[in-house]
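Spelled out from the first residue to the last, the chains are:
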Amino acid sequence: MTKVVLNRRNFLVAGSSVLATGLLATGVPGLLLPAGANGLAPTDSMSGGANNYRKGAAIVERIGKGGFWMSGTVRRAGDGAPLAGQRIQIWAHTTEGQEHEPQSHGATLTDKDGKFRLEMPQIIPIFGQPHGHLAYDSGEFKTVFLRPVMRSAKETSLEAHFVLQPA
Amino acid sequence: MPIKGWQSARASLIWVALALAIGVPIALAAGSEQLAWRGPVYILAGFAGIIALGLVLVQPLLIGGYLPGLSSYRGRRAHHWIGGALALMVVIHVAGLWITSPPDMIDALTYTSPTPFSPFGVTAMWAIFTVALLALLRRRLGLRLRTWRIVHIPLAIVIVAGSVAHCLLIEGTMETISKVALCAAVLAVTVKVMVDLWRKRTLRGGSIARQ
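Those protein sequences? They're chains A and B, same order as listed. My numbering applies: residue 133 is where the first sequence begins, and numbers increase by one. My numbering applies: residue 35 is where the second sequence begins, and numbers increase by one.
Isolated chain A (complex conformation):
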């Protein structure tokens, strides 16, 4: 005949395993399932992202004299597939011009891996933050405006990533 001894230790173990099962049953599906169902969420436009935008900037080899690298990726919402040949427009207040001036704007296309990279003049702080502007505005997908901020004005590169959803 076995006697079940309920002491403090196995009581705590039992209790915590009940808690853990509870968490596993409710918490984990709550965390994982929506992500699995919806996939990669589309990027929202950032506030102020569209400021001083000039529609239709030309595709250029580089903006001005260069020296600073803007790079990033463009993927499709849901499955995260890289999107090739997407036109990304880039502008900023740089050592060669203010944000609204035409020479501060340029565009580039993503490669087969959905990556883009455009050389431009050094971004300098404007309106209190060193930041760049990027736009996807070609119609096939919903328009997105990004406004990434540099951690320091001394940095010579900046990244921004797009996840686009069909328009």
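One thing to keep in mind: the hints can contain errors.
Over the 12 Å line for every Cβ pair with chain B, so calculated as not near, a few chain A residues [unchecked claim]:
id, residue
1, 180
2, 182
3, 203
4, 210
5, 211
6, 212
7, 256
8, 257
9, 270
10, 297
If you only want the chain A side, here are some residues facing chain B, beta carbon under 10 Å, derived [claimed, not checked]:
id, residue
11, 178
12, 225
13, 229
14, 231
Think of the hints as simulated: they come from the structure by calculation, not from any bench. Glycine is no exception: its CB is placed at the ideal position from the N, C-alpha and C atoms.
On the provided structure of chain A, position chain B as indicated by the hints.
Frame of chain A; chain B shown alone:
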């Protein structure tokens, strides 16, 4: 006379310290490399902002009577005029930034800016305009000193806190150490004048009660 000598030395020290607290940040900002890439209107707007912060330091010094050689009457007169100058500097600051980049200024004024410092600056601006307008209309409105203080003191606190937060969070032409020092001076003098006003009032209240 050693006492008189010490007093005049102390008086000069206070004025020199004030001149340095405001002059050094302005001079260092004038040497900023950022200026090379800014247009004249943007530069003017930036300096109007720095000067405005300097005036925010002068205001509590004047009203607290901490500046030697100024009678309490002249201190109050100067406080009025500098209050007007402060409102004017804010107008130049905002107008210049509006001309430089209208969409960024509209975002700031509508509290939709991505920059964390903008709402502090805009809130301080409205507080400055409110105080300036009420000061102009004070006699017409028949506001008594007590009522006026109930209105002005909270707004003054908003102006100081908002201006300091606004300034500290901005990455621009101001040099960091001189900027932090000016902001610390603004906060310290404001706390002192508030404490002194409160003490004076409780002392006066106490003596009236005893009479």
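Taking the hints in turn, this is what the structure says about them:
no. : hint : result
1   : 180  : violated (4 Å)
2   : 182  : violated (8 Å)
3   : 203  : holds (21 Å)
4   : 210  : holds (27 Å)
5   : 211  : holds (30 Å)
6   : 212  : holds (26 Å)
7   : 256  : violated (5 Å)
8   : 257  : violated (5 Å)
9   : 270  : holds (22 Å)
10  : 297  : holds (22 Å)
11  : 178  : holds (6 Å)
12  : 225  : holds (7 Å)
13  : 229  : holds (9 Å)
14  : 231  : holds (6 Å)
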